[in-house]
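A.B. asks: Using numbering that gives the first Met the number 0, you'd call the opening residue of the sequence shown number 0 and step up by one each time.
Hints listed in this document are in silico derivations from the structure and should not be mistaken for laboratory results. Honestly, I wouldn't trust all of these hints.
Claimed, not checked - Label-pair ranges, simulated between beta-carbon atoms:
| id | residue 1 | residue 2 | range |
| --- | --- | --- | --- |
| 1 | THR149 | ASP125 | 38 to 48 Å |
| 2 | SER108 | SER144 | 45 to 55 Å |
| 3 | LEU88 | LEU155 | 19 to 29 Å |
| 4 | THR45 | PRO161 | 16 to 26 Å |
| 5 | GLY91 | HIS131 | 37 to 47 Å |
| 6 | GLY99 | ILE134 | 20 to 30 Å |
Just so it is clear, CB atoms sit at the ideal spot from N, CA and C, and this is done for glycine as well.
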Amino acid sequence: MCVFRRAHLPERPLLQIICIYIYSYFMGQAMCNPLELIQNAGLRATSPRVAVLSYLAKHSYPVTIKDIKKCVGKRIDLVTLYRMMNDFLRVGLVTRIDLGKGPQFELKSVHEHHHIVCTRCDRIEDFSDETHEKIAQRILKKSGSFSQLTGHSFELYGVCVPCAKRFAHA
């Protein structure tokens with residue numbers, strides 16, 4: 000159970016979420032449940048919101064609106080689902096990723112990570128490496144037009160081992 004309550008957290012929603020993640024990590028606890036995350040972010044914890052956030056929490060890879068709709072969308076129309084995802088983005092609960100096949104979403108992670116994507120089967124694997132962060136900062140320093148970075152995207156594409164084996168025998 001997450002012991003943080005809204006009164007104990009910073010006013011900015013993203014900082015609230017980061018505090019919860021850090022607390023959970025260092026206390027060896029499982030991630031706070033979706034109901035608490037939604038409430039701590041200052042949103043109404045409706046059953047559709049809890050269902051969608053629960054679905055995202057169960058997946059360790061980015062999912063599409065179509066994936067979400069297929070699983071939990073029988074009681075949620077498409078427009079509501081898009082609005083819900085925009086609300087989650089606004090308060091920092093989820094991250095939007097575009098891997099070339101439309102927007103995908105995943106729960107916001109405390110640890111900066113990126114993705115490597117199989118071009119044959121669309122398998123996605125997370126990775127983190129501090130080198131690209133240093134490169135981004137170096138590029139910012141060299142730029143005469145920008146004073147700060149507000150975000151970035153870094154994805155790698157390749158062929159996963161199972162696909163490489165499957166296509167090597169074909």
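A.B. asks: If a hint holds in the structure, say so; if it doesn't, say that too.
C.D. replies: Evaluation of the provided hints:
1. THR149 - ASP125: 38 to 48 Å: violated, 22 Å
2. SER108 - SER144: 45 to 55 Å: At roughly 30 Å between Cβ atoms, SER144 and SER108 fall outside 45 to 55 Å, so the hint is violated.
3. LEU88 - LEU155: 19 to 29 Å: Holds - the Cβ-Cβ distance for LEU88 and LEU155, about 24 Å, lies within 19 to 29 Å.
4. THR45 - PRO161: 16 to 26 Å: Given a distance of about 39 Å, which is not inside 16 to 26 Å, the answer is violated.
5. GLY91 - HIS131: 37 to 47 Å: violated, 22 Å
6. GLY99 - ILE134: 20 to 30 Å: About 22 Å separates the Cβ atoms of GLY99 and ILE134, which means 20 to 30 Å holds.
The structure fails hints 1, 2, 4, 5 (numbered hints given earlier, in ascending order).
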